[in-house]
Amino acid sequence: MKVLVPVKRVVDYNVKVRVKSDGTGVDIANVKMSMNPFDEIAVEEAVRLKEKGVVTEVIAVSCGVTQCQETLRTAMAIGADRAILVETPADLDLQPLAVAKLLKALVDKEQPGLVILGKQAIDDDCNQTGQMLAALADLPQATFASKVEIADGKAKVTREIDGGLETISLSIPAVITTDLRLNEPRYVTLPNIMKAKKKPMETLKPADLGVDVTPRIKTLKVSEPPKRGAGVKVADVATLVAKLKNEAKVI
Amino acid sequence: MAALVIAEHDHGTLKGATLNTVTAAAACGGDVHVLIAGHNAAGAAQAAAQIAGVTKVLHADGASLAEQLAENVAAQVLAIASNYAHLLFPATAHGKNVAPRVAAKLDVAQLSDVTKVVSADTFERPIYAGNAIATVQSADATKVLTVRTTGFDAAAASGGSAAIESIAAVADSGKSAFVGSEIAKSDRPELTAAKIIVSGGRAMGSSDKFNEVLTPLADKLGAALGASRAAVDAGYAPNDWQVGQTGKIVAPTLYIACGISGAIQHLAGMKDSKVIVAINKDPEAPIFSVADYGLEADLFTAVPELVNAL
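Protein sequences, first through last, are from chains A and B. At position 146 of the first sequence the residue is numbered 146 (the numbering used here), and the sequence of numbers has no breaks. Start counting at 1 in the second sequence, then tack on 251, and there's your number in the numbering used here.
The hints are simulated quantities; they were obtained by calculation from the structure and are not laboratory data.
In silico DSSO-like pairs for lysine-lysine, Cα to Cα no more than 30 Å straight-line:
| id | chain 1 | residue 1 | chain 2 | residue 2 |
| --- | --- | --- | --- | --- |
| 1 | B | LYS525 | A | LYS243 |
| 2 | A | LYS218 | A | LYS205 |
| 3 | B | LYS426 | A | LYS2 |
Using the sequences and the hints, build the whole thing.
So this is what it looks like as structure tokens:
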């Protein structure tokens, strides 16, 4: 069976973003971009399933600007077999519902047995796309996966829930979103980066898939979160306890 | 039109997050209704009817809803969604699982982790791990939201007297099945609802040290225990203790961070706490930039000293 792995190009997780002074967004010009960390875990899981012989082909997909090609090359260096870029204009605010519709069109076209996505992107922090794709394609979903086993036409998935873990069984085809503890993504090696350059990449437009990607949500303003007042350093435990009791009055 | 809160419950009782979501629903304008989709969930429905400000409780009871599978719960919400202008879910693991499924079926965009209701169609939500706040406006007919519970006060759990109306439960989708669960047992207050949280990071060194050093402090303060991702990944603490962008978002009165450097992803989960105390031996640790009180000391001596001083 085929696996489709959507990946997103986002601001690197170590970068502390700054809000633009005109309040229109965050400044991402000249900022380091990388593959969304949860998506790396998704690619790794797909490649591991291929190495186990459960999966025959891993297809990486990204929706966005031309530079998403780099993200797809990274996915192929980890082990994806080919890539599809759904290219959209740089000034378009591409939102989860639109991405889910693009992915639904690709699911119809490629007929994968599994779609493995990250649980959320670290830029918009939405945590929606996988669930929306599952709804649109009418597939079962297992979100926040920390363990995936494929057997007898079913996917047995352990999920991280509030308070612990839950295991569910899904009929295949299915949609899975990855949590942090699913696996440790491998480092890409130089020979694999070179090989990835030769792997096929197809470029499509939303119109080719018949999808309207018009944003539904308008961002009116982006602002800095309220700043915390400057704190103080205390000299010892006794002072700390005194401050907590008398000044902050929290204990 | 009214707003519908999709309650989180364990069939017998309501989860606390539902109360915060009711407050957010009231801010959207109109009546507030609560959906209890469950199995043998009369207890939860009774509890929902007592919440101040709730005018109607819809109770769907069926075996298909026993395990709260996303496919079935989403179908249950969709069965009545057309009556509502707003559908609100708590932004918990359960709410996040179901809400986008409902939104996509309605062909509407969803607003995640809403921290403020500005008006019936305009909301605030954090992006980039809480480093920016976006004010967003939805053009869709139905607004589907998940509500960050720490952004809203809990509605009073008593004083209401809503009517309970039974509705038909949906059939099982047949596409997914519950296999089992492992719920961590804890006598401590629930992390997301605790007034005081004592949290440990990688510097704890081991699971034994984590318990040995932090448990007495948590016991003394009646606090919940939390952890950074580093501590969880190293196996010092269970993963449902993780505080941060990818774990729980908390806003207690007092947050005590022990041996936590204060990475962006951790701060995203706790920087709305009222008072933050950092105990760290590295004077350059970023946690000191958000801490109200910083103590530059070895936690293995400072924490036991703190326990004695309390």
